[in-house]
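Chain order of the listed sequences is A and B. The first sequence maps to residues 1 to 312 in this note's numbering. The second sequence maps to residues 1 to 291 in this note's numbering.
Among the hints, a few may not be true.
[As the list claims (entries may be wrong)] With a straight-line Cα cutoff of 27 Å, these simulated DSS-like cross-link-like pairs (lysine-lysine) come out: (1) B:K133 with A:K211; (2) B:K133 with A:K61; (3) A:K205 with A:K305; (4) A:K211 with B:K139; (5) B:K178 with A:K211; (6) A:K211 with A:K61; (7) B:K178 with B:K139; (8) B:K178 with B:K133; (9) A:K205 with B:K178; (10) A:K205 with B:K139.
The set of hints was computed from the structure by calculation and includes no laboratory data.
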Amino acid sequence: MTIGHTIPIARRLRHDRLMLAACLAATTLAIAVLSALLISIFVQGFSSLDWHFLSSFASRKAANAGILAPLMGSLWVCTICGMVAIPVGIATAIYLEEYARRSRLRSLIQLNISNLSGVPSIVYGILALAAFGRCFGAISSDDPWTLGSPDSVFFVQFPFGRSVLAGGLTLALVILPIMIIAAQEALRAVPVSLRQAALALGSTKWQVVWKVTLPSALPTMMTGAILSMSRAIGEAAPLLVIGGVLLLFSVPDNLMSDFTVLPLQIYNWAGRPQDDFHRIAAAAIIVQLVLLLGFNSVAIVIRQKLQRPLQS
Amino acid sequence: MIRLDASAPVTEPFPTPSTAPSPPAPAGGPSPDLRGAEAAPTRAIEMRALCAWYGSHQVLHTVDLDITAHRVCALIGPSGCGKSTLLRWMNRMNDTIASARASGSLNLHGLELLDPTLDVVDLRRRVGMVFQKPNPFPKSIFENVAFGPRLHRSYGRTDLEELVEQSLRASALWDEVKDRLHHSALGLSGGQQQRLCIARAIAVDPEVLLMDEPCSALDPRSTASIEELIRELRETYTIVIVTHNMQQASRVSDTTAFFDEGRLVETGATDILFTAPRERRTEDYVSGRFG
Numbered sequence: 001m002t003i004g005h006t007i008p009i010a011r012r013l014r015h016d017r018l019m020l021a022a023c024l025a026a027t028t029l030a031i032a033v034l035s036a037l038l039i040s041i042f043v044q045g046f047s048s049l050d051w052h053f054l055s056s057f058a059s060r061k062a063a064n065a066g067i068l069a070p071l072m073g074s075l076w077v078c079t080i081c082g083m084v085a086i087p088v089g090i091a092t093a094i095y096l097e098e099y100a101r102r103s104r105l106r107s108l109i110q111l112n113i114s115n116l117s118g119v120p121s122i123v124y125g126i127l128a129l130a131a132f133g134r135c136f137g138a139i140s141s142d143d144p145w146t147l148g149s150p151d152s153v154f155f156v157q158f159p160f161g162r163s164v165l166a167g168g169l170t171l172a173l174v175i176l177p178i179m180i181i182a183a184q185e186a187l188r189a190v191p192v193s194l195r196q197a198a199l200a201l202g203s204t205k206w207q208v209v210w211k212v213t214l215p216s217a218l219p220t221m222m223t224g225a226i227l228s229m230s231r232a233i234g235e236a237a238p239l240l241v242i243g244g245v246l247l248l249f250s251v252p253d254n255l256m257s258d259f260t261v262l263p264l265q266i267y268n269w270a271g272r273p274q275d276d277f278h279r280i281a282a283a284a285i286i287v288q289l290v291l292l293l294g295f296n297s298v299a300i301v302i303r304q305k306l307q308r309p310l311q312s
Numbered sequence: 001m002i003r004l005d006a007s008a009p010v011t012e013p014f015p016t017p018s019t020a021p022s023p024p025a026p027a028g029g030p031s032p033d034l035r036g037a038e039a040a041p042t043r044a045i046e047m048r049a050l051c052a053w054y055g056s057h058q059v060l061h062t063v064d065l066d067i068t069a070h071r072v073c074a075l076i077g078p079s080g081c082g083k084s085t086l087l088r089w090m091n092r093m094n095d096t097i098a099s100a101r102a103s104g105s106l107n108l109h110g111l112e113l114l115d116p117t118l119d120v121v122d123l124r125r126r127v128g129m130v131f132q133k134p135n136p137f138p139k140s141i142f143e144n145v146a147f148g149p150r151l152h153r154s155y156g157r158t159d160l161e162e163l164v165e166q167s168l169r170a171s172a173l174w175d176e177v178k179d180r181l182h183h184s185a186l187g188l189s190g191g192q193q194q195r196l197c198i199a200r201a202i203a204v205d206p207e208v209l210l211m212d213e214p215c216s217a218l219d220p221r222s223t224a225s226i227e228e229l230i231r232e233l234r235e236t237y238t239i240v241i242v243t244h245n246m247q248q249a250s251r252v253s254d255t256t257a258f259f260d261e262g263r264l265v266e267t268g269a270t271d272i273l274f275t276a277p278r279e280r281r282t283e284d285y286v287s288g289r290f291g
C-alpha cells in the first residue's frame, strides 16, 4: 500500500547533526579569520593611537604623523555620498517598484542596475573624473563657473575638479546600484494586502507609498544603507583616479576643498618599507573601523526608531 | 453604455428575468439616517452585459444584475466563478492588475464605473472594501481608523477623535478598544482586526461596502459578530458580500446572486433563492451537491 521505502530515522538524525556541524564550522572559520585580522591590527596599531595621532597632519617621520586630513576627508566624502546615494537610491527603487509598468525598458534598466553593482569601482572613478572632475571638457577648469562665495561651505565650482564634492559624488555612483537593489528588496517585502488596503480607502499612488509602503520598508532599507556606506567608506581606487591627494596639510572647509581619505592614507603608509609606518597604518585602520561603526550606528538608530513596536 | 473593448461580445441588455422583488421596507420604519430614509428602495448599482477578462481568459460573461440600495446582496458560487472579479470591478481594484479589462456597463448611481477616465481615487472613497484576510496597517488602532479620512480632508484633533469613535462604535468595536486606542492594531484578535478594517472602511463615509469573504479567516464566534454587524450596517450602507458559506449568505443577505463559470445563473430574494430556486444548478449548489 505504501509507496517508496522508509528512510531510517537514525540516518536522518545523523544527517541533521552533520549539517549543523558543517554550518558551525563555516561560521567559526569566518569569525576566526576576522578575529585574527582584527587582533593583529590592534596589536600593531593600538600603541600609536593617541590624541596627537588624531589631530596632526601627515609627516615624513612616522612618530609625528597624524590622520587629521584623511579623517576629516573621509567624514566629508562619506556624508556627501550618503546624502546623495541614499535618497536617490530610495527614490529610484520607488519608481521601479511602485510606478514603472512591467515593460521591456524596465527590465533593461533592472538588468543594468544589477550589472552596475558588479562593475569595478575604478571604472566609476574614470567616469566621475570625466563627468564631475572635467564636466566632459565642456567648461575649462582655468575659467570655472562659480556659485556662491569661497567663504561659504556650499561654494561650488564647475567643473568640480579634485574636490571633496567630486569625491562624494563618485562614491555615490559606486554605491548607488547596491542601494537601489537593497531598497527594491525592502519594498518588495511589504505585503500587497497593505497596499490594497490603502488603495481601497481612496489613496493616490503617492499616498500609498508615503503613508504605507515607505514606513514599512524603511527599516530594511536602512540595513541596505549600512551595507552601502560600509562599501563607500572603504573605497580607495575611484578616489585615487578622481584626485584624492596622498599628502595633504589641510582639512576641507567647503565643497571645493582638496581632500584625502583614510583608505588612501592607509594605502600610502602600508606601502612604505619602514615598520613605523606599518604601525600607524594599523592605527589608521582602527580609526577607520570606528568611523564605520559611527556611520552605521546612525542607520541603526533610525532603524530602531522606526521598528519600535507599538504597545500591543 | 461604454465599451472598453470593441471586439468584446456585447449582447443587448435584456430585462433580467429574475430581478429581485422589491424587498420590504426596513423594519422599524425609516431609519433616522438621511440616506436610510429614502422612500422606495433604489438601485445603487446596475450592471448591463458586463464581461470581464484577465488577459485572454474571460471570467465574466454578459452579467446583468441590479443591486438595491441599503440592502445586503450576497454573491455566491463555486471558486473561480467570477464573483470576486465582479466585486473588484465595483471599486476598480482590478486596475492594479495589468491584464484585467472589462466591457459592458457598470453603473453606480448614474456614474459609469468602467469609464477609463473615471477618478478611481474618488470612486474608492465612495465604495469601500473589506478584504478576505484582516489587513490592518501596522499602526495604532486610532491611526488605522483615521487613515482614510486624513487622505481626503484635514481634520482638527477633536473632530478626528469623534469620527474615530463613531466609526468604532458603528463597527461594534468601541467598547473593546476604547482604553487602548493608541496601541498597535496588530495586537487585536482576528475578529477584532476584521471589525477594525470595517471601521476603517466606513470612516470615509462610503455609499457602498464591498466585502470579499470577510469571515473566511475567522472563527465561528468572530464570524457571528461580523454577521450581526453586517445586518446593522445595511441601514446605512449598500453592502455586497462575496461568500462561500451558504448559511452565511442566507443569514445576512436580502438578495442573493448565484454565479457559475462566469455567468449569472440566478438572482432573487435570498429566502426564495435558497428554498425554491428556479434553476437546477442553483438548487444543486445551495443544497451542497456541488461546489
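Outcome of the hint check:
Straight-line distance between C-alpha atoms of B:K133 and A:K211 comes to about 21 Å, which keeps the hinted pair within the 27 Å bound. Only pairs whose Cα atoms come within 27 Å are accepted, and B:K133 paired with A:K61 is rejected, the gap being roughly 70 Å. Between A:K205 and A:K305 the CA atoms are separated by roughly 26 Å; this keeps the pair inside 27 Å, and the hint holds. Taking the CA atoms of A:K211 and B:K139, the gap is about 11 Å. The hint holds against a cut of 27 Å.
For a cut-off of 27 Å, the pair hint linking B:K178 to A:K211 stands: about 24 Å separates their Cα positions. Between A:K211 and A:K61 the CA atoms are separated by roughly 57 Å; this puts the pair beyond 27 Å, and the hint is violated. Among the hinted pairs, B:K178 with B:K139 is consistent with the structure: their alpha-carbon atoms are about 16 Å apart, no more than 27 Å. For the proposed pair B:K178 and B:K133, the alpha carbon gap of about 23 Å is at most 27 Å, so the pair holds.
With a C-alpha separation of about 32 Å, the suggested pairing of A:K205 with B:K178 is violated against the 27 Å cut-off. With a C-alpha separation of about 19 Å, the suggested pairing of A:K205 with B:K139 holds against the 27 Å cut-off.
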